[in-house]
Amino acid sequence: MDHAADALRTDLMTITRFVLNEQSKHPESRGDFTILLSHIVLGCKFVCSSVNKAGLAKLIGLAGETNVQACYEGEEQKKLDVLSNEVFVKALVSSGRTSILVSEEDEEAIFVEAPKRGRYCVVFDPLDGSSNIDCSVSIGTIFGIYMLKDGGEPTLDEVLQPGKNMLAAGYCMYGSSCTLVLSTGEGVNGFTLDPSLGEFILTHPDIKIPKKGKIYSVNEGNAKNWDGPTTKYVEKCKFPTDGSSSKSLRYIGRYLDSLS
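According to the working numbering, the residues represented by the sequence shown are 17 to 276, in order.
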């Protein structure tokens, strides 16, 4: 047996180990950020399990409420949305490291009570694309983390920061496999959940966008709203004038049932 290959199989880089390694590069770190990320990971594991069981548990179906987006997109909130939101809110509050939570499912920001407050604000969509569950299309959790000012009462103004101020951002995609992609400002790394271990394992280190790709993704339904350069680019993808092959279109829309 190849001992080197065997070592690769046993020396697993879990997301916890990865984050702790990153923390060790910052001696001044108190570990708060690592604890917060561990609670986000826990929320992702819980939602992944719930998504997989959604049909059996009859969690799909209307909860009788409408989320914030629904007022202008017609998106009906499903029970799995409600469950996912509750899971993430409770996980984030219980971490003791957050002061403000902003969820797409809630009209107002959540201000954590003083005894449980920390230094961070988390913005998130607990289950984006939930209307795709019925047709087995991938859905996911999106999140971003901001640092708040030390001392004083947290205010909504502290949330209204540009994206460049984020300390970390990522998403967890629930599909044929459960993949969590994370950036803490130094590259992007992908982790895949190993169900037998219950751990996210580093499977896609240092992800890069290729300089030149063969696939483009676009919602043609919005073509009438595109500006000139966008229209020209998409036309070139379809009908290249430089002798190259046409690019392939890959796009999964939110309302696939409207095509039937």
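Keep in mind that the hints were calculated from the coordinates and are not lab data. Please read all numbers here as calculations on a predicted model, not as lab measurements. Among the clues, some could well be false.
[Stated by the list, open to error] Here are the simulated SDA-like pairs of lysine to any residue, each with C-alpha atoms no more than 25 Å apart in a straight line: (1) Lys263 to Pro226; (2) Lys106 to Pro43; (3) Lys61 to His220; (4) Lys224 to Lys240; (5) Lys227 to Glu215; (6) Lys228 to Thr246; (7) Lys61 to Pro43; (8) Lys180 to Leu36; (9) Lys165 to Asp144; (10) Lys248 to Val234; (11) Lys41 to Gly112; (12) Lys165 to Pro43; (13) Lys41 to Leu164; (14) Lys248 to His220; (15) Lys132 to Asp48; (16) Lys227 to Lys252; (17) Lys230 to Gly214; (18) Lys180 to Asp144; (19) Lys106 to Ala130; (20) Lys61 to Lys95; (21) Lys165 to Gly191; (22) Lys61 to Ser199; (23) Lys263 to Glu215; (24) Lys180 to Lys230; (25) Lys69 to Leu58; (26) Lys227 to Asp210; (27) Lys224 to Asn241; (28) Lys41 to Thr208; (29) Lys132 to Glu44; (30) Lys252 to Pro226; (31) Lys106 to Thr26; (32) Lys248 to Ser260; (33) Lys180 to Gly134; (34) Lys69 to Gly191.
[What the hints assert, rightly or not] Beta-carbon label-pair distances, calculated as ranges: (35) Gly112 to Ala239: 44 to 54 Å; (36) Lys180 to Cys253: 47 to 57 Å; (37) Phe255 to Gly47: 52 to 62 Å; (38) Ser262 to Ala125: 19 to 29 Å; (39) Asn37 to Pro226: 40 to 50 Å; (40) Met29 to Arg266: 47 to 57 Å.
For each residue, glycine too, the CB sits at the ideal point set by N, CA and C.
Hints and how they fare:
1. Lys263 to Pro226: holds, 14 Å
2. Lys106 to Pro43: Violated, at roughly 30 Å.
3. Lys61 to His220: At roughly 18 Å apart (the allowed maximum being 25 Å), His220 and Lys61 satisfy the hint.
4. Lys224 to Lys240: violated, 31 Å
5. Lys227 to Glu215: violated, 32 Å
6. Lys228 to Thr246: Roughly 17 Å between the alpha carbons, so the hint for Lys228 and Thr246 holds.
7. Lys61 to Pro43: violated, 29 Å
8. Lys180 to Leu36: This hinted pair holds, its Cα atoms lying about 23 Å apart.
9. Lys165 to Asp144: violated, 29 Å
10. Lys248 to Val234: holds, 13 Å
11. Lys41 to Gly112: holds, 23 Å
12. Lys165 to Pro43: Measuring from Cα to Cα gives roughly 21 Å; hence the hint holds.
13. Lys41 to Leu164: Roughly 22 Å separates the two Cα atoms, so the pair holds.
14. Lys248 to His220: violated, 33 Å
15. Lys132 to Asp48: holds, 13 Å
16. Lys227 to Lys252: holds, 17 Å
17. Lys230 to Gly214: Violated, at roughly 35 Å.
18. Lys180 to Asp144: Holds - the C-alpha atoms of Asp144 and Lys180 are around 22 Å apart, at most 25 Å.
19. Lys106 to Ala130: holds, 15 Å
20. Lys61 to Lys95: holds, 18 Å
21. Lys165 to Gly191: Outside the cut-off at roughly 37 Å; violated.
22. Lys61 to Ser199: Distance ~18 Å between Lys61 and Ser199 Cα, so the pair holds.
23. Lys263 to Glu215: Distance ~36 Å between Lys263 and Glu215 Cα, so the pair is violated.
24. Lys180 to Lys230: Distance ~29 Å between Lys180 and Lys230 Cα, so the pair is violated.
25. Lys69 to Leu58: Roughly 17 Å between the alpha carbons, so the hint for Lys69 and Leu58 holds.
26. Lys227 to Asp210: Roughly 31 Å between the alpha carbons, so the hint for Lys227 and Asp210 is violated.
27. Lys224 to Asn241: Roughly 30 Å separates the two Cα atoms, so the pair is violated.
28. Lys41 to Thr208: With Cα atoms ~24 Å apart, Lys41 and Thr208 stay inside 25 Å; holds.
29. Lys132 to Glu44: holds, 22 Å
30. Lys252 to Pro226: Within the cut-off at roughly 18 Å; holds.
31. Lys106 to Thr26: It is violated: about 34 Å lies between the C-alpha atoms, which goes past 25 Å.
32. Lys248 to Ser260: holds, 16 Å
33. Lys180 to Gly134: Holds: Lys180 and Gly134 sit about 21 Å apart, inside 25 Å.
34. Lys69 to Gly191: holds, 12 Å
35. Gly112 to Ala239: 44 to 54 Å: Holds, at about 48 Å.
36. Lys180 to Cys253: 47 to 57 Å: violated, 29 Å
37. Phe255 to Gly47: 52 to 62 Å: holds, 55 Å
38. Ser262 to Ala125: 19 to 29 Å: For Ser262 and Ala125 the Cβ distance comes to about 46 Å; the hint is violated.
39. Asn37 to Pro226: 40 to 50 Å: 27 Å Cβ-Cβ, so the 40 to 50 Å window is violated.
40. Met29 to Arg266: 47 to 57 Å: violated, 29 Å
In the structure shown, a violation is registered for the earlier hints numbered 2, 4, 5, 7, 9, 14, 17, 21, 23, 24, 26, 27, 31, 36, 38, 39, 40, in ascending order.
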